[in-house]
Amino acid sequence: MTSKPLSTLPTELATELTFAATALGWLRENLVHLAGALVVLIIGVIAARLLSRAADKALTRSERLEPTVAKFLGNIIKYALWAVVLVTVLTQFGVETTSIIAALGGLALAVGLALQGTLSNVAAGVMILVQRPFRVGETISAGPVLGTVSGIGLFTTEMVQPDGLYVMVPNNELWNKPIINFTRLPTRRFELQVGISYADSIQQAREELLALAKADARVLEDPAPEVFVSALADSAVTVGMRVWCATGDYLAVSWDLTEVAKLRFDEVGLTIPFPQREVRTVAAAA
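In terms of this note's numbering, the sequence shown is residues 366 to 651.
Derived from the structure by calculation, the hints contain no laboratory data. Possibly wrong hints are sitting among the right ones.
[Unchecked claim] Straight-line alpha carbon distances no greater than 20 Å define the calculated EDC-like cross-link-like pairs of lysine to aspartate or glutamate that follow:
| no. | residue 1 | residue 2 |
| --- | --- | --- |
| 1 | K627 | D581 |
| 2 | K627 | D587 |
| 3 | K579 | E523 |
| 4 | K542 | E523 |
| 5 | K627 | E572 |
| 6 | K579 | D614 |
| 7 | K579 | E556 |
| 8 | K627 | E556 |
| 9 | K579 | E591 |
[Said to hold, decoys possible] Per label pair, the in silico range of CB-to-CB distance:
| no. | residue 1 | residue 2 | range |
| --- | --- | --- | --- |
| 10 | L628 | N546 | 28 to 38 Å |
| 11 | A598 | R500 | 54 to 64 Å |
| 12 | Q569 | V495 | 24 to 34 Å |
| 13 | P588 | G470 | 52 to 62 Å |
| 14 | S515 | P638 | 44 to 54 Å |
| 15 | P551 | P509 | 21 to 31 Å |
Glycine included, C-beta positions come from ideal geometry on N, C-alpha and C.
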(Lines of atoms letter the chains of each structure in order from A; the text may use other names.)
(Lines give C-alpha, C1' and ligand atoms only; values in the text may rest on other atoms or scores of the structure.)
Protein backbone atom coordinates (compact mmCIF):
# COMPACT_ATOMS: atom_id res chain seq x y z
CA MET A 366 0.00 0.00 0.00
CA THR A 367 1.54 3.27 -1.15
CA SER A 368 1.48 6.27 1.17
CA LYS A 369 0.44 9.71 0.00
CA PRO A 370 3.11 12.42 -0.05
CA LEU A 371 2.95 14.67 2.96
CA SER A 372 2.87 17.69 0.71
CA THR A 373 -0.57 16.79 -0.60
CA LEU A 374 -2.26 16.44 2.79
CA PRO A 375 -2.80 20.15 3.50
CA THR A 376 -4.40 20.70 0.08
CA GLU A 377 -6.76 17.72 0.42
CA LEU A 378 -7.60 18.70 3.97
CA ALA A 379 -8.37 22.23 2.88
CA THR A 380 -10.62 20.93 0.10
CA GLU A 381 -12.50 18.69 2.52
CA LEU A 382 -12.91 21.50 5.00
CA THR A 383 -14.18 23.81 2.27
CA PHE A 384 -16.73 21.23 1.12
CA ALA A 385 -17.88 20.59 4.70
CA ALA A 386 -18.27 24.31 5.33
CA THR A 387 -20.25 24.74 2.11
CA ALA A 388 -22.52 21.78 2.93
CA LEU A 389 -23.05 23.07 6.46
CA GLY A 390 -23.90 26.51 5.19
CA TRP A 391 -26.39 25.11 2.64
CA LEU A 392 -27.93 22.97 5.38
CA ARG A 393 -28.39 26.00 7.66
CA GLU A 394 -29.98 28.02 4.87
CA ASN A 395 -32.34 25.24 3.76
CA LEU A 396 -33.10 23.65 7.12
CA VAL A 397 -36.61 25.09 7.12
CA HIS A 398 -37.25 23.87 3.58
CA LEU A 399 -35.93 20.40 4.45
CA ALA A 400 -38.14 20.18 7.49
CA GLY A 401 -41.14 21.38 5.51
CA ALA A 402 -40.43 18.92 2.69
CA LEU A 403 -40.09 16.07 5.18
CA VAL A 404 -43.40 16.98 6.83
CA VAL A 405 -45.12 17.32 3.45
CA LEU A 406 -43.65 13.97 2.35
CA ILE A 407 -44.85 12.15 5.45
CA ILE A 408 -48.32 13.71 5.37
CA GLY A 409 -48.55 13.23 1.60
CA VAL A 410 -47.60 9.55 1.77
CA ILE A 411 -50.14 8.88 4.52
CA ALA A 412 -52.87 10.85 2.76
CA ALA A 413 -52.12 9.22 -0.61
CA ARG A 414 -52.34 5.73 0.88
CA LEU A 415 -55.57 6.48 2.74
CA LEU A 416 -57.24 8.10 -0.26
CA SER A 417 -56.03 5.33 -2.57
CA ARG A 418 -57.43 2.62 -0.30
CA ALA A 419 -60.71 4.48 0.10
CA ALA A 420 -61.00 4.86 -3.68
CA ASP A 421 -60.23 1.15 -4.21
CA LYS A 422 -62.92 0.13 -1.72
CA ALA A 423 -65.49 2.49 -3.24
CA LEU A 424 -64.76 1.33 -6.78
CA THR A 425 -64.73 -2.34 -5.82
CA ARG A 426 -68.08 -2.09 -4.04
CA SER A 427 -69.72 -0.35 -6.99
CA GLU A 428 -72.05 -2.74 -8.80
CA ARG A 429 -71.90 -0.68 -11.98
CA LEU A 430 -68.16 -1.20 -12.45
CA GLU A 431 -66.47 -4.41 -13.55
CA PRO A 432 -63.51 -5.52 -11.35
CA THR A 433 -61.09 -4.81 -14.22
CA VAL A 434 -62.31 -1.21 -14.57
CA ALA A 435 -62.28 -0.71 -10.80
CA LYS A 436 -58.66 -1.85 -10.58
CA PHE A 437 -57.66 0.31 -13.57
CA LEU A 438 -59.28 3.45 -12.14
CA GLY A 439 -57.81 2.70 -8.70
CA ASN A 440 -54.31 2.59 -10.16
CA ILE A 441 -54.85 5.89 -11.98
CA ILE A 442 -55.98 7.55 -8.75
CA LYS A 443 -53.00 6.12 -6.85
CA TYR A 444 -50.43 7.32 -9.37
CA ALA A 445 -52.10 10.73 -9.60
CA LEU A 446 -51.89 11.14 -5.81
CA TRP A 447 -48.20 10.18 -5.79
CA ALA A 448 -47.54 12.69 -8.56
CA VAL A 449 -49.20 15.44 -6.50
CA VAL A 450 -47.09 14.50 -3.46
CA LEU A 451 -43.88 14.56 -5.53
CA VAL A 452 -44.63 17.95 -7.05
CA THR A 453 -45.49 19.40 -3.63
CA VAL A 454 -42.23 18.13 -2.11
CA LEU A 455 -40.19 19.60 -4.95
CA THR A 456 -41.97 22.91 -4.48
CA GLN A 457 -40.71 23.06 -0.87
CA PHE A 458 -37.14 23.12 -2.20
CA GLY A 459 -37.92 25.97 -4.54
CA VAL A 460 -37.73 23.77 -7.62
CA GLU A 461 -39.59 25.19 -10.60
CA THR A 462 -42.13 22.44 -11.27
CA THR A 463 -43.69 24.09 -14.31
CA SER A 464 -40.92 22.91 -16.60
CA ILE A 465 -41.05 19.41 -15.09
CA ILE A 466 -44.80 19.18 -15.62
CA ALA A 467 -44.39 20.45 -19.19
CA ALA A 468 -41.69 17.85 -19.85
CA LEU A 469 -43.86 15.09 -18.42
CA GLY A 470 -46.76 16.30 -20.54
CA GLY A 471 -44.61 16.19 -23.67
CA LEU A 472 -43.39 12.72 -22.76
CA ALA A 473 -46.96 11.55 -22.20
CA LEU A 474 -47.97 12.99 -25.58
CA ALA A 475 -45.11 11.21 -27.35
CA VAL A 476 -45.94 7.93 -25.67
CA GLY A 477 -49.61 8.40 -26.51
CA LEU A 478 -48.84 8.96 -30.20
CA ALA A 479 -46.53 5.94 -30.28
CA LEU A 480 -49.15 3.73 -28.61
CA GLN A 481 -52.17 5.22 -30.34
CA GLY A 482 -53.63 1.87 -31.41
CA THR A 483 -53.03 0.27 -28.03
CA LEU A 484 -54.51 3.20 -26.13
CA SER A 485 -57.59 3.18 -28.37
CA ASN A 486 -58.12 -0.46 -27.40
CA VAL A 487 -57.75 0.48 -23.73
CA ALA A 488 -60.28 3.32 -24.10
CA ALA A 489 -62.68 0.99 -25.91
CA GLY A 490 -62.15 -1.66 -23.22
CA VAL A 491 -63.01 0.84 -20.48
CA MET A 492 -66.15 1.91 -22.34
CA ILE A 493 -67.20 -1.72 -22.85
CA LEU A 494 -66.67 -2.52 -19.18
CA VAL A 495 -68.55 0.62 -18.08
CA GLN A 496 -71.42 0.54 -20.58
CA ARG A 497 -71.72 -3.27 -20.53
CA PRO A 498 -73.13 -3.94 -24.02
CA PHE A 499 -72.23 -7.56 -23.31
CA ARG A 500 -71.04 -9.71 -20.41
CA VAL A 501 -69.13 -12.95 -20.06
CA GLY A 502 -71.34 -15.83 -21.18
CA GLU A 503 -73.48 -13.79 -23.59
CA THR A 504 -73.57 -14.42 -27.34
CA ILE A 505 -72.98 -11.38 -29.53
CA SER A 506 -72.16 -10.35 -33.05
CA ALA A 507 -70.21 -7.25 -34.10
CA GLY A 508 -69.32 -6.92 -37.75
CA PRO A 509 -68.00 -10.29 -38.97
CA VAL A 510 -67.46 -11.61 -35.44
CA LEU A 511 -70.04 -13.94 -33.88
CA GLY A 512 -69.55 -15.93 -30.70
CA THR A 513 -69.98 -16.34 -26.96
CA VAL A 514 -67.93 -13.99 -24.76
CA SER A 515 -65.49 -15.89 -22.54
CA GLY A 516 -63.41 -12.98 -21.21
CA ILE A 517 -63.26 -9.16 -21.28
CA GLY A 518 -59.98 -7.30 -20.78
CA LEU A 519 -58.75 -3.75 -21.23
CA PHE A 520 -57.06 -4.57 -24.55
CA THR A 521 -58.99 -7.50 -26.04
CA THR A 522 -62.17 -9.53 -25.70
CA GLU A 523 -62.02 -13.33 -25.87
CA MET A 524 -64.81 -15.21 -27.65
CA VAL A 525 -65.72 -18.73 -28.70
CA GLN A 526 -67.42 -19.10 -32.09
CA PRO A 527 -70.38 -21.46 -32.62
CA ASP A 528 -68.01 -23.92 -34.34
CA GLY A 529 -65.81 -24.05 -31.23
CA LEU A 530 -62.98 -21.84 -32.51
CA TYR A 531 -61.31 -19.38 -30.11
CA VAL A 532 -61.20 -15.73 -31.20
CA MET A 533 -59.39 -12.79 -29.58
CA VAL A 534 -60.83 -9.50 -30.80
CA PRO A 535 -59.28 -6.04 -30.15
CA ASN A 536 -61.75 -3.98 -28.15
CA ASN A 537 -61.55 -1.15 -30.66
CA GLU A 538 -62.93 -3.49 -33.34
CA LEU A 539 -65.97 -4.26 -31.20
CA TRP A 540 -66.69 -0.78 -29.88
CA ASN A 541 -66.68 0.86 -33.33
CA LYS A 542 -69.32 -1.51 -34.74
CA PRO A 543 -73.00 -2.13 -33.94
CA ILE A 544 -73.16 -4.85 -31.28
CA ILE A 545 -76.06 -7.33 -31.39
CA ASN A 546 -76.57 -9.17 -28.11
CA PHE A 547 -78.54 -12.37 -28.72
CA THR A 548 -78.89 -13.44 -25.09
CA ARG A 549 -79.26 -10.23 -23.06
CA LEU A 550 -83.08 -10.16 -23.05
CA PRO A 551 -85.12 -13.02 -21.56
CA THR A 552 -87.39 -13.60 -24.58
CA ARG A 553 -86.95 -13.66 -28.32
CA ARG A 554 -89.21 -13.81 -31.38
CA PHE A 555 -89.01 -16.51 -34.06
CA GLU A 556 -90.54 -15.98 -37.50
CA LEU A 557 -91.29 -18.81 -39.93
CA GLN A 558 -92.08 -18.16 -43.60
CA VAL A 559 -93.82 -20.94 -45.55
CA GLY A 560 -95.03 -20.83 -49.16
CA ILE A 561 -98.28 -22.59 -50.13
CA SER A 562 -99.88 -23.09 -53.51
CA TYR A 563 -102.37 -20.53 -54.83
CA ALA A 564 -104.88 -23.39 -54.99
CA ASP A 565 -104.53 -24.15 -51.27
CA SER A 566 -106.64 -22.64 -48.48
CA ILE A 567 -104.98 -19.76 -46.66
CA GLN A 568 -107.37 -20.25 -43.74
CA GLN A 569 -106.36 -23.91 -43.38
CA ALA A 570 -102.67 -23.00 -43.44
CA ARG A 571 -103.32 -20.36 -40.78
CA GLU A 572 -105.14 -22.82 -38.52
CA GLU A 573 -102.50 -25.52 -38.89
CA LEU A 574 -99.66 -23.16 -38.03
CA LEU A 575 -101.50 -21.78 -35.00
CA ALA A 576 -102.21 -25.32 -33.82
CA LEU A 577 -98.51 -26.19 -34.08
CA ALA A 578 -97.58 -23.10 -32.08
CA LYS A 579 -100.10 -23.86 -29.34
CA ALA A 580 -98.99 -27.48 -29.15
CA ASP A 581 -95.39 -26.47 -28.33
CA ALA A 582 -95.07 -25.80 -24.58
CA ARG A 583 -92.03 -23.60 -25.15
CA VAL A 584 -94.03 -21.05 -27.17
CA LEU A 585 -95.20 -18.21 -24.95
CA GLU A 586 -98.88 -17.26 -24.74
CA ASP A 587 -98.04 -13.60 -24.24
CA PRO A 588 -97.29 -12.20 -26.77
CA ALA A 589 -99.68 -14.53 -28.56
CA PRO A 590 -98.58 -16.33 -31.76
CA GLU A 591 -99.44 -14.56 -35.02
CA VAL A 592 -100.09 -15.99 -38.49
CA PHE A 593 -100.39 -13.73 -41.53
CA VAL A 594 -99.94 -13.57 -45.30
CA SER A 595 -96.64 -11.82 -45.83
CA ALA A 596 -96.34 -11.93 -49.63
CA LEU A 597 -97.96 -13.01 -52.88
CA ALA A 598 -94.92 -14.40 -54.64
CA ASP A 599 -94.59 -15.58 -58.24
CA SER A 600 -95.13 -19.26 -57.40
CA ALA A 601 -96.62 -19.30 -53.92
CA VAL A 602 -98.57 -17.47 -51.26
CA THR A 603 -96.14 -16.81 -48.41
CA VAL A 604 -97.65 -17.38 -44.99
CA GLY A 605 -95.71 -16.14 -41.98
CA MET A 606 -95.88 -17.18 -38.34
CA ARG A 607 -94.38 -15.26 -35.41
CA VAL A 608 -94.00 -16.79 -31.97
CA TRP A 609 -92.17 -15.74 -28.80
CA CYS A 610 -90.12 -18.04 -26.61
CA ALA A 611 -87.43 -17.93 -23.93
CA THR A 612 -84.07 -16.89 -25.34
CA GLY A 613 -82.50 -20.19 -24.28
CA ASP A 614 -85.14 -22.13 -26.28
CA TYR A 615 -84.84 -20.09 -29.47
CA LEU A 616 -82.70 -22.44 -31.56
CA ALA A 617 -84.58 -25.57 -30.54
CA VAL A 618 -87.96 -23.94 -31.15
CA SER A 619 -86.91 -22.63 -34.57
CA TRP A 620 -85.63 -26.03 -35.69
CA ASP A 621 -88.59 -27.97 -34.34
CA LEU A 622 -91.33 -25.69 -35.68
CA THR A 623 -89.74 -25.62 -39.12
CA GLU A 624 -89.67 -29.42 -39.23
CA VAL A 625 -93.18 -30.06 -37.88
CA ALA A 626 -94.65 -27.41 -40.20
CA LYS A 627 -93.34 -29.31 -43.23
CA LEU A 628 -94.57 -32.66 -41.88
CA ARG A 629 -98.00 -31.26 -40.97
CA PHE A 630 -98.51 -29.60 -44.33
CA ASP A 631 -97.71 -32.92 -46.03
CA GLU A 632 -100.28 -34.71 -43.85
CA VAL A 633 -103.17 -32.32 -44.59
CA GLY A 634 -102.35 -31.88 -48.28
CA LEU A 635 -101.00 -28.32 -48.21
CA THR A 636 -98.29 -28.07 -50.84
CA ILE A 637 -95.10 -26.08 -50.69
CA PRO A 638 -94.61 -25.39 -54.40
CA PHE A 639 -91.36 -25.16 -56.27
CA PRO A 640 -90.67 -21.95 -58.22
CA GLN A 641 -92.71 -22.11 -61.41
CA ARG A 642 -92.72 -20.13 -64.61
CA GLU A 643 -95.42 -20.19 -67.25
CA VAL A 644 -94.12 -20.05 -70.84
CA ARG A 645 -96.48 -19.38 -73.76
CA THR A 646 -95.58 -19.86 -77.40
CA VAL A 647 -97.13 -17.42 -79.78
CA ALA A 648 -97.25 -18.55 -83.40
CA ALA A 649 -95.82 -16.09 -85.86
CA ALA A 650 -98.30 -14.53 -88.28
CA ALA A 651 -98.24 -15.97 -91.78
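Using the beta carbons of Q569 and V495, state whether their distance is inside 24 to 34 Å or not. Once the Cβ atoms are compared, 54 Å apart, the range 24 to 34 Å for V495 and Q569 is violated.
Is it true that P588 and G470 lie within 52 to 62 Å of each other by Cβ? holds, 58 Å
20 Å limit on alpha-carbon distance, applied to hinted pair K579 and E556: Holds, at roughly 15 Å.
Hinted pair K627 and D581, Cα distance within 20 Å: Distance of about 15 Å is within 20 Å: holds.
Hint consistency between K627 and E572 [alpha-carbon to alpha-carbon, up to 20 Å]: holds, 14 Å
Run the distance test for K627 versus E556: straight-line Cα separation, threshold 20 Å. holds, 15 Å
Assessment of proposed distance window 44 to 54 Å (beta carbons of S515, P638): holds, 45 Å
Are the Cα positions of K579 and D614 separated by 20 Å at most? The given pair, whose Cα atoms are some 15 Å apart, holds under the 20 Å limit.
Decide if the proposed pair is consistent with the structure: K627 and D587, CA atoms, cutoff 20 Å inclusive. Not OK: K627 and D587 at ~25 Å, beyond 20 Å, violated.
Take the C-alpha atoms of K579 and E523, compute the straight-line distance between them, and say whether it is at most 20 Å. Violated, because 40 Å separates the two Cα atoms, which is more than 20 Å.
Evaluate the given range 28 to 38 Å for the C-beta pair formed by L628 and N546. Because 34 Å falls inside the window, the suggested range holds.
Check whether the Cα positions of K579 and E591 lie no farther apart than 20 Å. At roughly 11 Å apart (the allowed maximum being 20 Å), E591 and K579 satisfy the hint.
Checked against the numbered hints given earlier, the structure breaks hints 2, 3, 11, 12 and satisfies all the rest.
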